[in-house]
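Just need the whole structure built from these sequences, with the hints factored in.
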Amino acid sequence: MEEGLRVARFDSEAVVFNPVSWQTHLLNDTAVRALEALMSGPQSLADVVTAVLGDVTHPDHRVEMIQSLLAELEALGLVETTLATCASS
Amino acid sequence: MRPLSLRVRVADLEAHEVEARLTGSGLALDFGALRARVRADQASLASAIRKVYREYPDQPSRGFFEVNASVERVPGIRRVIRSQVKFVVDGEAPFAPFPADTHLPLLEWGLNWCIANNCNQFLLLHAGAVERGGRAVLLPAQPGSGKSTLTAALTCSGFRLLSDEFGVVNLDNGMLLPLVRPIALKNESIDVIREFARGAPIGPTFPKTRKGTVAHLAPDQFSVDHRGVPAQPRAIVFPKYVAGKPVSLEAVPPARAFVKLAGNAFNYETLGPAAFDAVRTVVHGSQCFRLRYGDLVDAISVVARLLGQ
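Quick note, the sequences are listed as chains F and A, same order. Each residue of the first sequence is one higher than the one before, starting from 308 at the first, in this note's numbering. Each residue of the second sequence is one higher than the one before, starting from 468 at the first, in this note's numbering.
Hints listed in this document are in silico derivations from the structure and should not be mistaken for laboratory results. Accuracy of the hints is not assured; some may be wrong.
[Unchecked claim] Partial selection, computed: residues in chain F whose CB lies under 7 Å from chain A:
#1 313
#2 320
#3 329
#4 331
#5 333
All values derive from a computational prediction rather than experimental measurement. Glycine included, each C-beta is placed from N, C-alpha and C at the ideal position.
Laid out in structure tokens, this is it:
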């Protein structure tokens, strides 16, 4: 996750400020939980899926949804996907 | 002879005294969050200023002013054919000249421009703001939504005016700082407020400006006297005037209110993280609503209820 990121949590939504782009983004609950999962440090895709969806077995399309979500967050410059993360997924 | 008083207001000055200040070292106007020193070379502007800044204390034009501006006649043939005036700040005229008979709207818009472009010591929201009982309500809105009309009606109903055009937020603590200035009423709003608050101190009417007909409601004495007193924001209300519709109030999710507030600010992107923190503080401490109204009395009742009054 981008260092210095500011997150303002409100109920099931959040507003985040990207310190690099200086852009502000509105995130839904799923996106916030994914972001919060990454706030303590790098996580595998499996860990992020568990943090967002719970510790149960998930159908592929739910995992793909989280992958897609992470790709969107990466496009916004909020998170970074590394090879290690991909490999562990 | 002027009555004895510890405090001399602009309205207590004779017109020629206001003119002497404008043509001399400048008229000092203390809005609360900042001060402006205004110069001008037209007697008719002095008369208009005396009406809409009537409650402001007459202060010496010494010391630091955030804004130093003047309204000056455009020299040359224009002076004879169709007289024009220009707004000058720091030796530059940022806008095209206006007809000389719209000097006050030019001054007010010019001051807005200076504040919006230079006062980055504050977060400047595009919002009206009023206070009562120590609790403030922000009224952020796009032009044409009835923000100024509602702000004016609230101040004519016992609410303290903090500002009309700018919601000024202290970056350190999220408090709202007064920036008390005349409220610019446009077109139908002028008669609406005349009808709503008979005898309201509305200055001269300026037809055919770039925004239609404009007149300014003078701030009341209480608001001017308390322009140094910040207020805690407790409600954010996005108003929208809809003719003939009953009043309705709808909760706005706070994150959505955050984004709207930031998106409407004059300098959010300039201030970046400091602005984010300030908006977060304001939103965390406030209830957020969308207000649709067709009647000012109903709208004022709703705002009063929101503030627990």
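Hint check:
Look at residue 313 of chain F: its Cβ gets to within about 5 Å of chain A, closer than 7 Å, so that hint holds up. Look at residue 320 of chain F: its Cβ gets to within about 4 Å of chain A, closer than 7 Å, so that hint holds up. Satisfaction of the interface hint for residue 329 of chain F is found here, the shortest Cβ-Cβ separation to chain A being roughly 5 Å, below the 7 Å cut-off. Among the interface hints, the one on residue 331 of chain F holds; its C-beta lies about 6 Å from the nearest C-beta in chain A, closer than the 7 Å criterion.
Hint status for residue 333 of chain F relative to chain A: holds, with the closest Cβ pair at about 5 Å, below 7 Å.
Of the numbered hints given earlier, the model fails none.
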